[in-house]
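Given chain A's structure and the hints, the job is docking chain B onto it.
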Amino acid sequence: MTDNAKNHTLGDKLMIELQGVNKWYGEFHVLKDINLSVRQGERIVLCGPSGSGKSTTIRCINRLEEHQQGRIVVDDVELTSDLKHIEAIRREVGMVFQHFNLFPHLTVLQNCTLAPMWVRNMPKREAEEVAMHYLERVRIPEQAAKYPGQLSGGQQQRVAIARALCMKPKIMLFDEPTSALDPEMVKEVLDTMIQLAESGMTMLCVTHEMGFARTVADRVIFMDRGEIIEQAPPEEFFSNPKNERTKTFLGQILNH
Amino acid sequence: MSTHVFKPDLPPPTLSVGVLGWLRANLFSNGFNTALTVLAVYLIWLMVPPVIQWAVLDANWSGTTREDCTADGACWVFIQNRLQQFMYGFYPLSQRWRVDLTVLAAVLGAVPIFVRAMPRRWIYAIGYLLVYPWLAFWLLHGGLGLQIVETSQWGGLMLTLVIAVVGIAGAMPLGILLALGRRSHMPAIRVICVTFIEFWRGVPLITVLFMSSVMLPLFLPEQISIDKLLRALIAVTLFEAAYIAEVVRGGLQAIPKGQYEAAGALGLGYWRMMGLVILPQALKLVIPGIVNTFIALFKDTSLVIIIGLFDLFNSIHQATVDPAWLGFATEGYVFAAAVYWIFCFGMSRYSMRLERRLHTGHKR
Chain A
1 MTDNAKNHTL
11 GDKLMIELQG
21 VNKWYGEFHV
31 LKDINLSVRQ
41 GERIVLCGPS
51 GSGKSTTIRC
61 INRLEEHQQG
71 RIVVDDVELT
81 SDLKHIEAIR
91 REVGMVFQHF
101 NLFPHLTVLQ
111 NCTLAPMWVR
121 NMPKREAEEV
131 AMHYLERVRI
141 PEQAAKYPGQ
151 LSGGQQQRVA
161 IARALCMKPK
171 IMLFDEPTSA
181 LDPEMVKEVL
191 DTMIQLAESG
201 MTMLCVTHEM
211 GFARTVADRV
221 IFMDRGEIIE
231 QAPPEEFFSN
241 PKNERTKTFL
251 GQILNH
Chain B
1 MSTHVFKPDL
11 PPPTLSVGVL
21 GWLRANLFSN
31 GFNTALTVLA
41 VYLIWLMVPP
51 VIQWAVLDAN
61 WSGTTREDCT
71 ADGACWVFIQ
81 NRLQQFMYGF
91 YPLSQRWRVD
101 LTVLAAVLGA
111 VPIFVRAMPR
121 RWIYAIGYLL
131 VYPWLAFWLL
141 HGGLGLQIVE
151 TSQWGGLMLT
161 LVIAVVGIAG
171 AMPLGILLAL
181 GRRSHMPAIR
191 VICVTFIEFW
201 RGVPLITVLF
211 MSSVMLPLFL
221 PEQISIDKLL
231 RALIAVTLFE
241 AAYIAEVVRG
251 GLQAIPKGQY
261 EAAGALGLGY
271 WRMMGLVILP
281 QALKLVIPGI
291 VNTFIALFKD
301 TSLVIIIGLF
311 DLFNSIHQAT
321 VDPAWLGFAT
331 EGYVFAAAVY
341 WIFCFGMSRY
351 SMRLERRLHT
361 GHKR
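Chains A and B are the protein sequences, given in the same order.
Residue numbering for the first sequence follows UniProt numbering, beginning at 1 and increasing consecutively.
Residue numbering for the second sequence follows UniProt numbering, beginning at 1 and increasing consecutively.
Honestly, the hints are just simulated from the structure, not real lab data.
All C-beta atoms, glycine included, are put in the ideal place defined by N, C-alpha and C.
Treat the hints with care, since some could be wrong.
Some chain A residues judged to face chain B by a derived CB distance under 7 Å, without partners named [to be verified]:
| hint | residue |
| --- | --- |
| 1 | R90 |
| 2 | R91 |
| 3 | M95 |
| 4 | N101 |
| 5 | H105 |
| 6 | L109 |
| 7 | A115 |
| 8 | W118 |
| 9 | N121 |
| 10 | D182 |
Isolated chain A (complex conformation) (with noise of 0.2 Å):
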């Protein structure tokens, strides 16, 4: 791992704003009062135990989950139900999922150019040259013309994000990519994100992977029962948290 990761300077430009973020699932208040703003070129982690709404916070972001209440602003655009501002927003955010999600009827090459295609029109030439670029930097431009189905969990992770990168981005959104994975393939998967975030993306990412938060995190986020605990730069957030529920939960996640 390099240690440049960390040393690159954030624009001024807020990308992410969510104001007072309500949202219920029926009578379940899963989002209490969520304020966060992010940066550009800002990486940060979201980390808590299961149910503490990490995933819902950053499904929010790219409306793959509605919130009832509060303000959230996405370069610019403000989410709401409006269907213009929802592709708008979904065209600059890039996510990758847990359990990869590619599309099993294409081959990997398809998979890229889909999106660029048939949301950005980009001329089908010009989109396969964009795929095999960001395959070529998530390593695999050899499995171009397989199908998801024929590759390892890493590979079709790493296929994940290039995916989502062919789209330019200007966020990516990581909702816990290495937890559907084999220890044997969890390097692989945050050596690409680590490069990622050397190349000055904005990142939100839910993992458990407190090495990755270490080597490339702004601040580290700590949620609990829909609510932001604690946030801190990843030293001071390791080495001294404030809150007892910070420290509970660090002491079980480090200790083994």
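Just chain B now, kept in the frame of chain A:
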């Protein structure tokens, strides 16, 4: 430190591979299966030789009248004699080349769609689907320089194919739209689709055909008369669309939520998400169900007999009651069964090929 030495791969036992292995596994795996195999062989021996005797060895193949059928077996002279009628119905003799040309155009026009190397195959396919129906209608019905042939003169296999192809081509897109509508988040659309599907699924096709032919004219003013065949086509299409809709909905439900989310997260809108990501997967899953419906539709076309259309089955049925050929009903129905079987089996084989080709799971 010691190094582990892996054991070499050995060939499997001879009795588990090859012809012997296959026989053992499939026909003689235990006492019960061995008994079944012996019984099946006995039944085949009992039934097949007499059928071959009747249909081939003792059959009459040439002649012009029933007097030529002197042997004990089947009288195929009857079929030969009436074949034209079975194929074209009462379509004027001098115009039958138009039917042949329609079929030829369908086949030749469709060939490029199945050539995978052809560039812009999709655009061609859509163009073909848009142009061919008009061409076929013009050729079969006439006008613009061609002699008009009223649909009441259409018949035989040609009419069966017209009903089946129009039914399939119409029911497929309509069924997909209904399936999407039934899963729509918009309550009005959902209610309309559910009502439509449940209405058409709830009535027998024979009733629908009967209503279209007998009841509909009662409700319409006298000067409006809709062609009888057209009414049957609309009835079959709407009826089958309801079935296709439910088959497709089954496929849509099998697509994991993650596929919708991934497509949405990439910025694909509803129609592109459905057309590029969800439907290709859902339709692939339900190929067996769709083909099942189409095969049923193909055979159900014979129900148009009750509204007086002379499709393949009705043409043959009429010929068997012709005094000149009384007593050869068996030959007629065997021939009908054979023709229906060839088409249905063809559809079934094509669907199997399609499934294999579209299988992308673990192609190594």
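Status of each hint after checking the structure:
Using the Cβ-Cβ criterion of 7 Å, the hint placing R90/A at the interface with chain B is satisfied: the shortest such distance is roughly 4 Å. Because the closest C-beta pair between R91/A and chain B is about 4 Å apart, less than 7 Å, the hint holds. Interface hint at M95/A: satisfied, since its Cβ lies 4 Å from the closest Cβ of chain B, which is below the 7 Å cut-off. The closest approach between the C-beta of N101/A and any C-beta of chain B is roughly 4 Å, which is under the 7 Å cut-off, so the hint is satisfied.
A hinted interface residue such as H105/A counts as satisfied when its beta carbon comes closer than 7 Å to some beta carbon of chain B; here the least separation is about 5 Å, so the hint holds. Annotation: L109/A was flagged as interfacial toward chain B, and the flag is violated, the nearest CB pair being 13 Å apart, outside 7 Å. Interface restraint check: A115/A against chain B, minimum CB-CB distance 4 Å, threshold 7 Å, status holds. For W118/A, the interface hint holds, since its Cβ comes within 7 Å of a Cβ in chain B; the closest pair sits about 5 Å apart.
Because the closest C-beta pair between N121/A and chain B is about 11 Å apart, greater than 7 Å, the hint is violated. Of the supplied interface hints, the one on D182/A is violated, with its beta-carbon coming no nearer than about 18 Å to a beta-carbon of chain B, more than 7 Å.
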